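Chains as they are written, first to last, in our numbering: chain E, 11 to 232; chain V, 11 to 232; chain A, 11 to 232; chain F, 11 to 232.
Treat each hint with caution, since some may be false.
Given that identical chains are not distinguished, each listed pair holds provided it fits within a single copy or across any two copies.
Said to hold, decoys possible - Below, in silico cross-link-like pairs of lysine-lysine (DSBU-like), each with a Cα-Cα straight-line distance of 30 Å or less:
| hint | residue 1 | residue 2 |
| --- | --- | --- |
| 1 | K120 | K216 |
| 2 | K120 | K177 |
| 3 | K192 | K222 |
| 4 | K163 | K181 |
| 5 | K192 | K181 |
None of these hints come from the bench; they were simulated from the model.
Given the structure is predicted, the values throughout are model-derived calculations rather than measurements.
Number of protein chains: 4
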Amino acid sequence: MTNVIIVNFKSYEEGTGRRGFELARTCEKVSLDSNVDVIVCPPLVHLGQYADELSIPVYAQHVDAAAAGSHTGHITPMSVKEGGGQGTLVNHSERRMRIADIERAVVECKRVDISTVVCTNSVRVSKACASLSPTYIAIEPPELIGGDIPVTKAKPEVISGAVEAIKSVNKEIEVLCGAGIKTGRDVRKAIELGSSGVLIASGVVKSKDPEKTMLDLMSGVS
Amino acid sequence: MTNVIIVNFKSYEEGTGRRGFELARTCEKVSLDSNVDVIVCPPLVHLGQYADELSIPVYAQHVDAAAAGSHTGHITPMSVKEGGGQGTLVNHSERRMRIADIERAVVECKRVDISTVVCTNSVRVSKACASLSPTYIAIEPPELIGGDIPVTKAKPEVISGAVEAIKSVNKEIEVLCGAGIKTGRDVRKAIELGSSGVLIASGVVKSKDPEKTMLDLMSGVS
Amino acid sequence: MTNVIIVNFKSYEEGTGRRGFELARTCEKVSLDSNVDVIVCPPLVHLGQYADELSIPVYAQHVDAAAAGSHTGHITPMSVKEGGGQGTLVNHSERRMRIADIERAVVECKRVDISTVVCTNSVRVSKACASLSPTYIAIEPPELIGGDIPVTKAKPEVISGAVEAIKSVNKEIEVLCGAGIKTGRDVRKAIELGSSGVLIASGVVKSKDPEKTMLDLMSGVS
Amino acid sequence: MTNVIIVNFKSYEEGTGRRGFELARTCEKVSLDSNVDVIVCPPLVHLGQYADELSIPVYAQHVDAAAAGSHTGHITPMSVKEGGGQGTLVNHSERRMRIADIERAVVECKRVDISTVVCTNSVRVSKACASLSPTYIAIEPPELIGGDIPVTKAKPEVISGAVEAIKSVNKEIEVLCGAGIKTGRDVRKAIELGSSGVLIASGVVKSKDPEKTMLDLMSGVS
Numbered sequence: 011m012t013n014v015i016i017v018n019f020k021s022y023e024e025g026t027g028r029r030g031f032e033l034a035r036t037c038e039k040v041s042l043d044s045n046v047d048v049i050v051c052p053p054l055v056h057l058g059q060y061a062d063e064l065s066i067p068v069y070a071q072h073v074d075a076a077a078a079g080s081h082t083g084h085i086t087p088m089s090v091k092e093g094g095g096q097g098t099l100v101n102h103s104e105r106r107m108r109i110a111d112i113e114r115a116v117v118e119c120k121r122v123d124i125s126t127v128v129c130t131n132s133v134r135v136s137k138a139c140a141s142l143s144p145t146y147i148a149i150e151p152p153e154l155i156g157g158d159i160p161v162t163k164a165k166p167e168v169i170s171g172a173v174e175a176i177k178s179v180n181k182e183i184e185v186l187c188g189a190g191i192k193t194g195r196d197v198r199k200a201i202e203l204g205s206s207g208v209l210i211a212s213g214v215v216k217s218k219d220p221e222k223t224m225l226d227l228m229s230g231v232s
Numbered sequence: 011m012t013n014v015i016i017v018n019f020k021s022y023e024e025g026t027g028r029r030g031f032e033l034a035r036t037c038e039k040v041s042l043d044s045n046v047d048v049i050v051c052p053p054l055v056h057l058g059q060y061a062d063e064l065s066i067p068v069y070a071q072h073v074d075a076a077a078a079g080s081h082t083g084h085i086t087p088m089s090v091k092e093g094g095g096q097g098t099l100v101n102h103s104e105r106r107m108r109i110a111d112i113e114r115a116v117v118e119c120k121r122v123d124i125s126t127v128v129c130t131n132s133v134r135v136s137k138a139c140a141s142l143s144p145t146y147i148a149i150e151p152p153e154l155i156g157g158d159i160p161v162t163k164a165k166p167e168v169i170s171g172a173v174e175a176i177k178s179v180n181k182e183i184e185v186l187c188g189a190g191i192k193t194g195r196d197v198r199k200a201i202e203l204g205s206s207g208v209l210i211a212s213g214v215v216k217s218k219d220p221e222k223t224m225l226d227l228m229s230g231v232s
Numbered sequence: 011m012t013n014v015i016i017v018n019f020k021s022y023e024e025g026t027g028r029r030g031f032e033l034a035r036t037c038e039k040v041s042l043d044s045n046v047d048v049i050v051c052p053p054l055v056h057l058g059q060y061a062d063e064l065s066i067p068v069y070a071q072h073v074d075a076a077a078a079g080s081h082t083g084h085i086t087p088m089s090v091k092e093g094g095g096q097g098t099l100v101n102h103s104e105r106r107m108r109i110a111d112i113e114r115a116v117v118e119c120k121r122v123d124i125s126t127v128v129c130t131n132s133v134r135v136s137k138a139c140a141s142l143s144p145t146y147i148a149i150e151p152p153e154l155i156g157g158d159i160p161v162t163k164a165k166p167e168v169i170s171g172a173v174e175a176i177k178s179v180n181k182e183i184e185v186l187c188g189a190g191i192k193t194g195r196d197v198r199k200a201i202e203l204g205s206s207g208v209l210i211a212s213g214v215v216k217s218k219d220p221e222k223t224m225l226d227l228m229s230g231v232s
Numbered sequence: 011m012t013n014v015i016i017v018n019f020k021s022y023e024e025g026t027g028r029r030g031f032e033l034a035r036t037c038e039k040v041s042l043d044s045n046v047d048v049i050v051c052p053p054l055v056h057l058g059q060y061a062d063e064l065s066i067p068v069y070a071q072h073v074d075a076a077a078a079g080s081h082t083g084h085i086t087p088m089s090v091k092e093g094g095g096q097g098t099l100v101n102h103s104e105r106r107m108r109i110a111d112i113e114r115a116v117v118e119c120k121r122v123d124i125s126t127v128v129c130t131n132s133v134r135v136s137k138a139c140a141s142l143s144p145t146y147i148a149i150e151p152p153e154l155i156g157g158d159i160p161v162t163k164a165k166p167e168v169i170s171g172a173v174e175a176i177k178s179v180n181k182e183i184e185v186l187c188g189a190g191i192k193t194g195r196d197v198r199k200a201i202e203l204g205s206s207g208v209l210i211a212s213g214v215v216k217s218k219d220p221e222k223t224m225l226d227l228m229s230g231v232s
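Using the sequences and the hints given, assemble the complete structure.
In structure tokens:
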């Protein structure tokens with residue numbers, strides 16, 4: 011198991027265009043200087059553009075459950091792969107999917123050989139998604155997303171409960187957590203609770219000093 | 011009024027990755043060699059990547075009605091602009107939108123200064139969308155999309171009817187048409203019926219010789 | 011032109027089951043005692059049940075753009091008609107629809123001979139929907155729905171602007187307005203601004219004395 | 011375990027209005043004359059209307075993941091209960107839901123004490139949904155729905171696989187199957203494969219003699 015920090019740029023101005031690319035470079039730098047894997051999820055239109063330049067993994071923020079074909083405006087797993095992406099978020103709380111589509115998206119991502127991070131909102135939904143065998147499941151209680159209290163403090167039992175439920179279905183799925191994560195202490199706690207890392211967005215993207223924030227977060231990985 | 015041919019790569023394999031980029035280069039070449047504007051709409055993850063290299067306009071296949079912010083997996087007009095896109099399709103038949111969202115997307119695209127091509131399915135919906143003041147309205151009867159009979163032959167009255175209805179609301183909106191368009195003759199007919207050009211997908215993307223097909227299509231623009 | 015007050019029960023507890031039926035009876039009583047048309051929109055599962063008993067018009071809260079067929083869990087215009095409904099809301103802010111679906115729903119409702127109240131959020135969208143020729147257009151600025159300030163006070167220019175825009179497209183469409191309407195004074199103002207009546211929900215459904223509230227509202231219709 | 015036949019009226023003309031009610035009466039009659047439970051799912055607007063008259067259980071075709079409140083045009087579990095419904099289909103292939111919404115719908119249905127029949131399309135999705143603890147899971151391969159070959163013949167391993175997967179998660183969930191079921195032989199096979207009954211639509215609703223068809227289907231339950 012390798013620990014990982016996934017940085018979701020969302021559609022924040024600070025994560026788009028030139029500023030977004032500089033942020034991605036910062037993530038690359040701190041990752042290469044350490045033993046912690048950092049993955050960036052830029053805005054979708056930048057995926058190929060950033061992946062061409064970066065040596066750390068770039069993931070999509072979303073994929074649709076679609077193979078190649080007449081799907082205007084959809085994000086196919088194949089296009090993510092062709093664009094240089096190594097994986098994708100699936101079912102993020104800001105882009106929820108139908109369960110049959112989550113299954114199809116995970117299957118199609120496996121076919122084109124990219125990783126999947128299925129986002130979930132509860133222990134039960136996490137267990138349900140474990141049956142679909144994604145690479146990662148990232149539990150994020152929606153009410154804590156973008157807030158000031160880290161999930162590791164507000165609901166530690168949700169993380170440990172999700173880890174237990176997911177592993178009872180499929181031991182090979184790595185568990186991540188997110189929502190309100192801001193410091194290395196939060197990351198350490200997340201790992202103690204059984205997760206392999208964190209999913210973070212505003213904490214890094216809207217930080218006044220993203221490099222410092224990233225270094226602090228990474229210090230939580232012993 | 012300048013005539014235009016918009017090539018929608020959809021999620022076709024032939025329009026993705028290296029093959030997609032070569033197709034875009036072909037579109038660029040034939041456009042620069044002529045007096046006809048050609049616009050390409052690559053898969054969304056390639057938008058920035060292709061726009062960096064091409065000298066013809068690159069449009070997105072879809073935008074969401076969202077400004078910058080917590081919108082994971084959404085396509086914001088601002089990100090299209092920052093990625094180098096000069097415009098976007100809106101409400102394509104494979105990615106229909108709610109009417110309030112079409113309005114918001116058009117307004118946000120204007121704010122960041124990119125063009126909008128609102129796709130419609132009927133004369134009535136075309137007239138309705140004219141009230142939202144996009145740059146272009148592209149009428150495409152859904153039952154003819156991807157088929158063998160061009161809309162110019164199957165339903166010429168839908169094109170002329172849409173032109174009349176749209177211009178009665180706002181004379182500045184350019185009208186395009188699409189569905190089944192394959193030859194220069196179809197393009198000529200489309201222009202005779204009052205449109206400013208065509209929206210084309212499989213006819214070019216799945217052509218065995220896209221350059222030849224493009225040259226034929228462009229011959230329809232006198 | 012006849013003035014009308016449409017009472018939307020939403021999914022409020024006070025508008026469901028026995029309590030909902032008593033509320034509908036109250037609406038019926040005050041309407042029959044006056045010269046003001048009152049229409050009730052109960053929860054969808056109650057539509058046929060209430061329509062069987064009431065002598066005032068019952069409208070659905072939503073219809074899907076679907077004719078009879080394999081549409082499990084959809085609300086077809088035909089089923090509304092068969093259930094005794096005389097009309098339906100379309101595109102309510104809590105149930106927005108794609109523009110092509112609004113067109114199809116309006117056409118299908120006409121075919122089965124029930125009225126349509128297309129809800130809109132802005133002057134532009136109101137004008138757009140006028141091209142689809144519904145029976146009524148009800149403008150409700152979303153940010154005022156369920157609030158304390160009536161639209162007639164907060165944004166009178168939106169109502170008069172919508173009336174003008176809609177009538178410029180099709181004079182036969184009646185215009186309604188809603189959001190924050192609570193008193194007869196609000197109704198009078200709404201009518202002065204050119205509307206034919208109001209769409210009201212919590213103001214009546216959550217009133218401690220719905221009969222008194224209804225009588226007050228109706229006093230606004232001279 | 012009691013065997014059950016659930017008849018989904020969809021939005022078929024034959025299942026709507028007076029004809030729908032007569033069909034429901036037929037289902038009631040054959041059920042009362044036998045030892046087989048029959049449940050009817052009429053069009054949503056008829057739910058309360060039919061439930062008032064029938065002595066067999068009436069289920070909704072769909073519920074939304076919503077408690078009472080400002081949810082215009084939604085189907086709340088509470089309204090189904092108040093309308094006399096004893097349960098509901100959830101996530102039918104013609105009305106797929108997001109996974110977090112399936113969880114919330116099942117929880118809310120339990121709170122108001124109505125049964126849930128979560129529809130699924132594959133063994134994996136069935137196992138996933140078992141973690142959400144509905145009353146029933148009904149597996150229906152979408153490609154067979156409405157067709158001539160019964161799932162029991164085309165894909166028996168999908169039924170037995172779903173039964174095994176579901177029971178491995180939660181033994182108390184009853185498994186149903188559907189798609190192409192037309193005869194008592196199909197029902198017998200479905201039960202032999204481990205299911206508790208079937209979900210059927212066009213086979214009964216579009217039958218020229220629904221009573222005869224129902225009697226034949228029920229003969230498959232020994």
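Here is what the structure says about each hint:
no.	hint	in the structure
1	K120 with K216	between (33 Å within a copy, 26 Å between copies)
2	K120 with K177	both (20 Å within a copy, 27 Å between copies)
3	K192 with K222	within (11 Å within a copy, 54 Å between copies)
4	K163 with K181	within (25 Å within a copy, 35 Å between copies)
5	K192 with K181	within (28 Å within a copy, 42 Å between copies)
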